[in-house]
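Student: Given chain A, put chain B in place with the hints provided.
Protein chains: 2
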Amino acid sequence: MSITARLEGALAAALEAVDGAGRPPRLSAAMAHAVFPGGARVRPRLTLAVARACGCDDLELSLGAAVSIELLHCASLVHDDLPCFDDAPLRRGRPSVHRAYGERLAVLCGDALIVLAFQALGAAAARSPQRLAPLLARIASGVGMPMGIVAGQAWECEPQVVLRDYQRAKTGALFAAATAAGALSAGADATPWLALGEALGEAYQVADDIRDVAASPQLLGKPVGRDRALGRPNMAQELGLDGAIALFTRQIRHALDAIPACPGAADLRSLVLLEAERLLPEMEPPLEHAARVA
Amino acid sequence: MSITARLEGALAAALEAVDGAGRPPRLSAAMAHAVFPGGARVRPRLTLAVARACGCDDLELSLGAAVSIELLHCASLVHDDLPCFDDAPLRRGRPSVHRAYGERLAVLCGDALIVLAFQALGAAAARSPQRLAPLLARIASGVGMPMGIVAGQAWECEPQVVLRDYQRAKTGALFAAATAAGALSAGADATPWLALGEALGEAYQVADDIRDVAASPQLLGKPVGRDRALGRPNMAQELGLDGAIALFTRQIRHALDAIPACPGAADLRSLVLLEAERLLPEMEPPLEHAARVA
Numbered sequence: 001m002s003i004t005a006r007l008e009g010a011l012a013a014a015l016e017a018v019d020g021a022g023r024p025p026r027l028s029a030a031m032a033h034a035v036f037p038g039g040a041r042v043r044p045r046l047t048l049a050v051a052r053a054c055g056c057d058d059l060e061l062s063l064g065a066a067v068s069i070e071l072l073h074c075a076s077l078v079h080d081d082l083p084c085f086d087d088a089p090l091r092r093g094r095p096s097v098h099r100a101y102g103e104r105l106a107v108l109c110g111d112a113l114i115v116l117a118f119q120a121l122g123a124a125a126a127r128s129p130q131r132l133a134p135l136l137a138r139i140a141s142g143v144g145m146p147m148g149i150v151a152g153q154a155w156e157c158e159p160q161v162v163l164r165d166y167q168r169a170k171t172g173a174l175f176a177a178a179t180a181a182g183a184l185s186a187g188a189d190a191t192p193w194l195a196l197g198e199a200l201g202e203a204y205q206v207a208d209d210i211r212d213v214a215a216s217p218q219l220l221g222k223p224v225g226r227d228r229a230l231g232r233p234n235m236a237q238e239l240g241l242d243g244a245i246a247l248f249t250r251q252i253r254h255a256l257d258a259i260p261a262c263p264g265a266a267d268l269r270s271l272v273l274l275e276a277e278r279l280l281p282e283m284e285p286p287l288e289h290a291a292r293v294a
Numbered sequence: 001m002s003i004t005a006r007l008e009g010a011l012a013a014a015l016e017a018v019d020g021a022g023r024p025p026r027l028s029a030a031m032a033h034a035v036f037p038g039g040a041r042v043r044p045r046l047t048l049a050v051a052r053a054c055g056c057d058d059l060e061l062s063l064g065a066a067v068s069i070e071l072l073h074c075a076s077l078v079h080d081d082l083p084c085f086d087d088a089p090l091r092r093g094r095p096s097v098h099r100a101y102g103e104r105l106a107v108l109c110g111d112a113l114i115v116l117a118f119q120a121l122g123a124a125a126a127r128s129p130q131r132l133a134p135l136l137a138r139i140a141s142g143v144g145m146p147m148g149i150v151a152g153q154a155w156e157c158e159p160q161v162v163l164r165d166y167q168r169a170k171t172g173a174l175f176a177a178a179t180a181a182g183a184l185s186a187g188a189d190a191t192p193w194l195a196l197g198e199a200l201g202e203a204y205q206v207a208d209d210i211r212d213v214a215a216s217p218q219l220l221g222k223p224v225g226r227d228r229a230l231g232r233p234n235m236a237q238e239l240g241l242d243g244a245i246a247l248f249t250r251q252i253r254h255a256l257d258a259i260p261a262c263p264g265a266a267d268l269r270s271l272v273l274l275e276a277e278r279l280l281p282e283m284e285p286p287l288e289h290a291a292r293v294a
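These protein sequences, in sequence, are chains A and B. Residue numbers in the first sequence follow full-length UniProt numbering, run continuously in steps of one, and reach 294 at the last position. Residue numbers in the second sequence follow full-length UniProt numbering, run continuously in steps of one, and reach 294 at the last position.
If we strip away everything but chain A, and leave its shape as in the complex, we get:
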């Protein structure tokens, strides 16, 4: 079975596990709407790729960690789209959860997905119970306080923004958690894998900023120009398009450099380059260069 099929199956199983008798049906439907059909599933695929590179010996736990990371990502999108934040009408080319199910169910859907992320992680730890506490801590640090994605979002509510903390927390933290969780789920040390996650997270943040300025809403499946409209920091506005593209290329190079020597290094390099091309298709020539020098 392909990794994609396994991952979608594990996500579906996590939702089914809490879809029993007694549940409020519209909340169930809102949760499924938030998770399926998904985006590129980059973070959980990264978790699984790192787990494989570390000699994955408990696929159930690695899948549980990947599912947990993806559910937290989906939860953050649902809450980011709320009227009090972006008030986004679209997500992945469809109505956002609050447009489809109302604001109250969108708040509860995000809450329930956060809880489900930890339920799925715990349920997957039967064979390796001693790995659960460090995994839980690492995944939670990617989403909570002081420097996870919720903290990153909260910087938008501060009178003075520490830009570096904002950027890192907003995207980098969950990517770093994704690589670290892959290693921990395989019983390996997480430390050597953090830099890869952080570099990829920073590249994603810049790519997101570039697309918010330069892409079309049809291409993105969500509105563009939101950062300027909402007065949020955006690297492509700050550095200019060329400057932001140069920064993106540099960060992808950092990500490639950060892959530790391991049997799975070549696969991980391919994954990073494929993602980079998917993020900014026009970047192909500089990325080929990055691949050569890396």
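Hint data in this document are derived by calculation from the structure and do not stem from the laboratory. Every value quoted in this text rests on a predicted model; they were computed, and no experiment measured them. Warning: the hint list may mix true and false statements.
[As the list claims (entries may be wrong)] Covered by chain B, according to a simulated footprint, are these stretches of chain A (three or more residues, beta-carbon under 8 Å):
#	segment
1	22 to 30
2	61 to 69
3	106 to 112
4	130 to 136
5	145 to 152
[Stated by the list, open to error] Derived Cβ-Cβ restraints for the label pairs, each shown as a range:
#	chain 1	residue 1	chain 2	residue 2	range
6	B	PRO134	A	ARG228	45 to 53 Å
7	A	GLY38	B	ALA40	38 to 46 Å
8	B	GLY20	A	SER270	32 to 40 Å
9	A	VAL162	B	ASP87	28 to 36 Å
10	B	ALA126	A	ARG269	31 to 39 Å
11	B	GLY39	A	ALA13	33 to 41 Å
12	B	GLY39	A	ARG269	51 to 59 Å
13	A	ALA126	B	GLY240	43 to 51 Å
14	B	LEU230	A	ALA214	43 to 51 Å
15	A	GLY38	B	ALA126	31 to 39 Å
[To be verified] Derived, one-sided and incomplete: chain B residues facing chain A with beta-carbon distance under 10 Å:
#	residue
16	MET1
17	ASP111
18	PRO129
19	PRO146
20	GLU158
Beta carbons are placed, not taken as given, at the ideal position from N, Cα and C, and that holds for glycine.
Tutor: The following block gives chain B in isolation, referenced to the frame of chain A:
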């Protein structure tokens, strides 16, 4: 040190653990506002009382479970108070989190408290790692889908309400998780403790309905008459005040009957009776009767 002091200390320590460099300061402040000063801390005290009755051999883990339960309760209050739900201006006699910090920080505060609940639980499991997965599953089931407090809140968004599922999930689930978590944190079987939590949860829901109809906002520290204003089911409206009070007394009696035979039974009985009197002071005579017959 008293249980109250230990519990407040453990809650403060959980918040301090994520209050490090790099955190957005207003989100930190909002989280502290949501947790301190607290209410009666009934759920976590119940967790600790059951842990003691089960021969608590890992106080750190029992405190971690109690803290986790209380943080989830605080998170649910912050989200319940949001403009799209109750739009409550007051909570515990002070401005609600969204009135004090704005709606966006209130959403993020609830999210961060949910994550912190699982962080605190994981961090407390160092000495008993094999107890973490069942504790995590039980606590999460009290708050998530299909029948936790988030599901209970979601019944308010359904076109047709299954009243029994709504009442149980809205309050009973987290009480049942509180007693079960106390047992699990002490390495004991959770099953004999669920009925006590469920009965107490049902009693709390009815007491809340009675006070929503009959109390003054000064006494409650929050607005009254909200159920009628928001078109929500309320037992005191459905059964009349006398009927609801009789139901409350019956449920307290069920709770007393549900306490398993154990060395801590007398202490637990006192805790239940004290809580009942605190909830509905005018109920003293029937409760004394309940205590005699129990």
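Student: A separate judgement is required for each hint: does it hold in the structure or not?
Tutor: Verification of the supplied hints:
1. Look at the segment 22 to 30 of chain A against chain B: 7 of its residues bring a Cβ nearer than 8 Å to a Cβ of that chain, three or more, so the hint holds.
2. Counting residues of the segment 61 to 69 of chain A whose CB falls under 8 Å from any CB of chain B gives 0; the rule of at least 3 is not met.
3. Counting residues of the segment 106 to 112 of chain A whose CB falls under 8 Å from any CB of chain B gives 5; the rule of at least 3 is met.
4. A stretch counts as covered by a chain when three or more of its residues have a beta carbon under 8 Å from one of that chain; for the segment 130 to 136 of chain A and chain B the count is 4, and the coverage holds.
5. Counting residues of the segment 145 to 152 of chain A whose CB lies closer than 8 Å to any CB of chain B gives 6, so the stated coverage by that chain holds, three being the minimum.
6. Between B/PRO134 and A/ARG228 the CB atoms are about 49 Å apart, so this pair conforms to the stated range of 45 to 53 Å.
7. The supplied range of 38 to 46 Å is met by A/GLY38 and B/ALA40, whose beta-carbon atoms lie about 42 Å from each other.
8. Against the hinted window of 32 to 40 Å, the Cβ-Cβ separation of B/GLY20 and A/SER270 comes to about 36 Å, which satisfies the hint.
9. Look at A/VAL162 against B/ASP87: about 32 Å separates their beta carbons, and that is inside 28 to 36 Å.
10. Between B/ALA126 and A/ARG269, the C-beta spacing of about 37 Å keeps the proposed range 31 to 39 Å intact.
11. The beta-carbon spacing between B/GLY39 and A/ALA13, approximately 38 Å, falls within the hinted interval of 33 to 41 Å.
12. With their beta carbons about 54 Å apart, B/GLY39 and A/ARG269 fall inside the hinted range of 51 to 59 Å.
13. Evaluation of the 43 to 51 Å hint for A/ALA126 and B/GLY240 yields a pass: the beta carbon distance comes to about 50 Å.
14. The given range of 43 to 51 Å is respected by B/LEU230 and A/ALA214, whose C-beta atoms sit roughly 45 Å from each other.
15. A hinted range of 31 to 39 Å holds for the C-beta pair A/GLY38 and B/ALA126, which are about 35 Å apart.
16. Restraint check, B/MET1 versus chain A: the minimum CB separation of about 26 Å is more than 10 Å; hint violated.
17. With a least beta-carbon distance of about 5 Å to chain A, the hint placing B/ASP111 at the interface is held under the 10 Å criterion.
18. Because the closest C-beta pair between B/PRO129 and chain A is about 5 Å apart, less than 10 Å, the hint holds.
19. Taking 10 Å as the C-beta cut-off, the interface hint given for B/PRO146 holds, the closest approach to chain A being about 3 Å.
20. For B/GLU158, the shortest C-beta to C-beta distance to chain A is roughly 5 Å, which falls under 10 Å, so the interface hint holds.
Checked against the numbered hints given earlier, the structure breaks hints 2, 16 and satisfies all the rest.
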